[in-house]
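Whenever a hint applies, use it, and build me the whole structure from the sequences.
Number of protein chains: 2
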Amino acid sequence: MDIINCINQVSIDCVIFGYENHQLKVLISKSRFKGDFYSLPSGFIFQNEDIEDAAQRVVRERTGIENIYLKHFNVFGKVGRKRQEFLDKLIALNYVNQEEEYQNSDRYKWFINRFISIGYYSLVDINSVIPQTSELDESIGWYNIHDVPELIMDYNQVLQDAYHCLKSDINELSNIYNLLPEQFTMKEIQDIYETILEKTFIRTNFQKKILELDVLERLEKKFTGAKNKAPYLYRVKK
Amino acid sequence: MDIINCINQVSIDCVIFGYENHQLKVLISKSRFKGDFYSLPSGFIFQNEDIEDAAQRVVRERTGIENIYLKHFNVFGKVGRKRQEFLDKLIALNYVNQEEEYQNSDRYKWFINRFISIGYYSLVDINSVIPQTSELDESIGWYNIHDVPELIMDYNQVLQDAYHCLKSDINELSNIYNLLPEQFTMKEIQDIYETILEKTFIRTNFQKKILELDVLERLEKKFTGAKNKAPYLYRVKK
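Quick mapping for you: the protein sequence lines, in order, are chains A and B.
Going by the working numbering, 64 is the number at position 70 of the first sequence; the sequence numbering is gapless.
Going by the working numbering, -1 is the number at position 5 of the second sequence; the sequence numbering is gapless.
In case anyone wonders, no lab produced these hints; they're calculated from the structure.
Be aware that a few hints might be false.
It does not matter which identical chain is meant; a pair holds if it fits inside one copy or across any two.
Stated by the list, open to error - Quick list of in silico lysine to any residue cross-link-like pairs, SDA-like style, CA-CA up to 25 Å:
#1 202 x 18
#2 76 x 44
#3 193 x 206
#4 231 x 208
#5 203 x 159
#6 72 x 54
#7 193 x 151
#8 72 x 59
#9 231 x 188
#10 216 x 189
#11 202 x 165
#12 72 x 60
#13 202 x 133
#14 193 x 158
#15 203 x 106
#16 193 x 25
#17 216 x 61
#18 65 x 150
#19 216 x 199
#20 202 x 108
#21 181 x 223
#22 161 x 184
#23 72 x 169
#24 24 x 180
#25 72 x 55
Predicted, not measured: the structure shown is a model, and the values here were computed from it.
Laid out in structure tokens, this is it:
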């Protein structure tokens, strides 16, 4: 990525949420440098790129999927927000051979300058994602929202802020269905709501409330061969 | 203002809301240059300034008041967002004498570069504000939200977006009271809700709902000498 053709001092940070087995998960990368640097997916904005397109690109590069549901939730812009600690570590580990070499280069400014982050959260169907490492990553993977390692910069706070916004948005938006495959049962939706909000709902009341939103289309029943009554499948109306 | 010490290509745009006589109003400035340029209050972010402090400063400079309620509501960052049209007009009007003089100056880049705007909306007690012009303004004043002139850039869209967010926020936040003086009657709150949401509420139901939020403290009655029953005054709990 040619960072010279990007907007200075601004980055896009993405909190990518997935859901699996009663757990809300987030995609987190681990740097290939020693020192256990964990990070959120992040990237810069090209001069010839809308910021929403930049956010789509950052998420696409890490998930392999297109047309992702994204929502801007906050900006982070304290004076002290820098990648300096990361550069210091690289110099200490001799990954950057000559500090002086960087002092006068354009690349260096990406580390020593203060950075404003534009935060987006994304909701994806976890089974359709194949997490992709960047050139700086050793690995990338899903972590339970309640079991996230210490992240670089202020990313733990960014993450909690995104989670808080997701909780606030859940009752007014129909976008939560982006966490599921195209067809799903009412129980699967209820599991997601209960997991995100960390509380339980009465089944009949929950179903009534969801159907009142009038965004779902009922399909055929899902027969699994189990003895209990087969549940209906739903999908979001076109 | 020394624009050289600001973050490049990023500005703060503020939609300042006030309420008066059943009207939701916004603060809009008119440029001192010919051509009827109307604008939202806007400013840059100093390198040594948190972005929230920059937003507070921009609103303070235009309203004269401190510790203003501000909420970040969106970012605006399409590739084509530039102040170029404004510069073109200044050159055409000979306010900028030498286009070439600007081509190589740092000041010029503020006009020809693409700009990302960080949008905040603000709620103020309109009677405590004395609108202040900037060095570029001929005048500044309050406009009814439904009667705003054509603004420069994409500011009409920014304004509508802020209004949409204010409507969404009204029922979950207790911040709406920032539009009122310290003490107010229930009828004044109801007027504000009805004006912003453009619908009417039944008085008793409205009062019940507001009091259930448990953010208000009831004070003495407000005697005005009128024949009807004196209403109670309220203020937000400390």
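Comparing the hints with the structure gives:
1. 202 x 18: within (24 Å within a copy, 37 Å between copies)
2. 76 x 44: Answer is both; intra-copy 23 Å and inter-copy 13 Å each pass.
3. 193 x 206: Answer is both: 21 Å inside a copy and 22 Å across each meet the 25 Å cutoff.
4. 231 x 208: within (9 Å within a copy, 38 Å between copies)
5. 203 x 159: Answer is both; intra-copy 21 Å and inter-copy 24 Å each pass.
6. 72 x 54: between (28 Å within a copy, 19 Å between copies)
7. 193 x 151: within (23 Å within a copy, 38 Å between copies)
8. 72 x 59: between (32 Å within a copy, 23 Å between copies)
9. 231 x 188: within (23 Å within a copy, 32 Å between copies)
10. 216 x 189: The answer is within: 23 Å in one copy meets 25 Å, while 48 Å across copies does not.
11. 202 x 165: both (14 Å within a copy, 23 Å between copies)
12. 72 x 60: Only across copies: residue 72 and residue 60 sit 20 Å apart there, 32 Å inside one copy, limit 25 Å.
13. 202 x 133: Intra 43 Å, inter 54 Å, cutoff 25 Å: neither.
14. 193 x 158: within (15 Å within a copy, 30 Å between copies)
15. 203 x 106: Result: close neither inside a copy nor across copies, 51 Å intra and 51 Å inter.
16. 193 x 25: Neither: 35 Å inside a chain and 54 Å across chains, both beyond 25 Å.
17. 216 x 61: So residue 216 and residue 61 fail the 25 Å test inside a copy (28 Å) and across (57 Å) alike.
18. 65 x 150: both (18 Å within a copy, 22 Å between copies)
19. 216 x 199: within (21 Å within a copy, 44 Å between copies)
20. 202 x 108: Intra 49 Å, inter 48 Å, cutoff 25 Å: neither.
21. 181 x 223: Classified as within; 13 Å inside a copy, 53 Å across copies.
22. 161 x 184: within (14 Å within a copy, 28 Å between copies)
23. 72 x 169: between (30 Å within a copy, 24 Å between copies)
24. 24 x 180: neither (36 Å within a copy, 54 Å between copies)
25. 72 x 55: Between copies, since 21 Å is at most 25 Å while 27 Å is not.
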